[in-house]
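Novice: Listed in order, the protein sequences are those of chains R and U. Once you know that position 207 of the first sequence is 207 in the numbering used here, the rest is easy, because the numbers rise by one and skip nothing. Count along the second sequence from 1, add 1000, and you get the number used in the numbering used here.
Errors might be hidden in some of the hints.
From the structure, some residues in chain U lie toward chain R, with a derived Cβ separation under 10 Å [claimed, not checked]: (1) N1093; (2) P1142; (3) L1284.
Treat the hints as calculated values from the structure; they're not laboratory data. Beta carbons: idealized from backbone N, C-alpha and C, even for Gly.
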Amino acid sequence: MSQQAVIPTEEADAVGAAQTKAPGILRAIASRPLALAAAIVLLLIVVAVVLAPVIAPFGPNDAIPRNAFQGPQPGHWLGFDTAGRDVLSRLLHGGQNTLGGAVIALLVALAIGVPSGLLAGYYGGWFDSASNWVTNFVMSLPAMIVLLASRAVLGPTVWVLMVVLGFLVAPSFFRLVRGAVAAVRNELYVDAARVAGLPDWRIIGRHVLTVVRAPVIIQIALVAGIAIGLQAGLEFIGIGSGNIPTWGAMLNEAFTSFNRAPLLLVWPGLALGLTSAALVLLAAGIRDALDDRGAEVRGQTARERRDLVDERRRERGGTPADGRGALLSIRGLRVAYRQPSGPDVEVVHGVDLDVEPGQIVGLVGESGSGKSQTAFSVLGIIPEGGYIAGGSVLIKGAELVDAGRARAAAGRRALGYVPQEPMSNLDPSFTIGAQLTEPLRFGRRMSRAQARARILELLAAVEIADPERVFASYPHEISGGMAQRVLIAGALSTDPELIIADEPTTALDVTVQAEVLGILRRLRDERGVGVLIVTHNLGVVADLCDRVAVMSDGRVVERGDVSQVLTAPAEDYTKRLIGAVPDETIVRAPWREPALSGKENS
Amino acid sequence: MLAFLARRLGASVVLLFVTSFVTFMLLSLANQDVGRQLLGINASPEAVAAKNASLGLDRPLLVQYADWLVRAAQGDFGRSWFSSEYVTVAIGNRLPVTLSLVIGVTVLTAVVGYLLGVWAGVRRGGIDRFVQVFSVAGYALPGFLVTIVIVIVFAVQLRWFPAIGYIPITQSVGGWLSTITLPVIALSISAIAGIAQQVRSSVIEVARADYIRTLATRGLPRRLILFRHVLRNASAPALTVLGMQFVGLLGGAVIVEQIFGLPGIGAMTIQYTTRGDVPVIMGLVMLSAVGVVIINLLVDLGIGWLLPKARIS
């Protein structure tokens, strides 16, 4: 049992896809109406502010004291402020200082964060550790307190404070760039470039910078918003550069005389709010467009699910159970997925399948053939956006399709599920014992002690040497092979008559694979359960199954006894599948636990 | 778990030490002629020198720092240069105000943000879209702008709450509530938006996790899966965000205390940093650093309790 069929998987294409999906940022903006609007508003504000000396009708400090507090009039479209200065002119000139401050903070943050992030991410080593320490240190400092303290040191100049702010927000760029670079550093195409003898700086410029460009632009927009808000906040509470016009200072003046001229508060407030909101919306828009989020398929709400069930039931006018007495009987099963736009896509087109008690049936096919979707439909765990579009699924004669939640759940009580990835299928926050005993304690009202005894029995039944220890362990404390046994015990905990195993050995070492298959066979022999095993591995089928159904493109193309199908396949597709099995090769590497710490850097 | 705690405590001590050293050096370098500032331009050079000597400023910087460190470790942060108030007393007088704010905001944020996030993540649909829009808005608008609007609407126009001032809880609970409500709400809005958004996305992510799917196939009630498994695993990231928000909250308190005229730590920070009163500034910086350290420790403990796996790293 050391053969594995080579069946193409999507994984190999991932790198290529990442490269072809070049971050066309302008295109991303254009594709989102909200982001486009935000970009236009931002552009207008920036242009108006930059051109302030040209387009502003008056100087920022030209005052006509007798006009103080006067409302809008021709030539002074926004009226006069508390000292008789033209509000529009002051707004335009003030914007130069407000936006200019943000630009300074950004430049400092970029100049520090991006190069250090590139170096730390690309070379790692002591520089990486040291800069990480500094980053954590800076990020734990309250920015406002540091700004105020540095004001005591450096004097009350907003420009200088913005430099300090740049230092304080540099870690956000550092983390972003470091994470992105560390992720691509070991990609094949970067390795290839290195092997080809390209100097490091060219690799960084060509491959690495393109990867971090989009996230950095998003971060720039967010940091600009923060810088503008902080700076204006400081000026608003009177910690500014004295009589230099800024939006924050204008808000301050207007706030103190709110009762006399409430409108004065509106203009700088609007300028500030619009700029800040436009920056955040722009960032969110670019991110959504690049991640293709927001176009996410909306999940069904409870009401929609109910409606759908009713509708299907009416369409079919009730399915007669036509005397199918098998343990599991599937007829004409169709599974479809909703799409962000356009009509739903059907991935399973009318599958028929039967499993008798005590029988082991293999469902084989390559990735994307619909075999897992078929199993998920029976188990009632189709991923979000997917639904059973038609057909019938009977378990011991009871219809599951459109049966309503309670009746379907009752029907599925006869099922046990053994999933593919052992580790990701155990809740990391609970001990093995706690999560295995739950169905017994809460579903079957067993006492804690009874449930414990029963689970220890099952753990021993799946050939775990020290059930007590495993019972008290957390999932991260046991091996992958052990976890898969635990999951089989979990499937058995509800006393199922049919076990549905979805690629139960794919993620395991070769020696452990054989043991796990042995356990499944023994369970059938001793308990008489039926087993539906979904796999791409013809070795598993040959080793374990009585019958096999071959799926391709959402249809069953061939079915029959294992010996007959494997030795004398009738269909071309089956022949190719068998022909593709190499000798003594392991296709997938054993599953390894991903590092927990990697998550923080994303 | 004990080793983990000991390690975190050690790291915290290092952090406090580095913070104090860097701050002390920067502040001292900037304040070269303190005696002159205190006594005025007309004071004689001898008087200025005597003043500097009496403050200990004639000694080498490192000696000054060591002296400060030894005293600070015993809880003695010295006296203000300008008012000769004891730093600990000055801070102690104002701390209750800021603590009222910080605790109020944290409780309100945790409860409302968490509930909104869970609701949006589980129900999806309309409430989900509302939380999405709310969180973008909460992020997009500068906090002090929101505060201004709140003051104008609820204090100036509707007159439901006083616009300015503070009544200690020891004097009148009702009065305390009336003076603290608007500032707490003003500070909470963006924090609630942040927590709700985080909880929403981690609830959705965890609900799609393999182990939740597997638990569902064992016939467990949906409610049990949601409350025992989804929420527990989805809560850790929210706790991290709450901790990070606390750091930002210290800054937000500065502005909000100024706007509402609350005599708290924030307002005090503005006052003393403007004058360059080094002993007081050192006390304030260390206070916020200790606050951050405590919060980070609590967050780590909470995450360790929620996620056993985090205990080993």
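Novice: Can you name, in rising order, the numbers of the hints this structure does not satisfy?
Specialist: Result: hint 1 breaks, nothing else.
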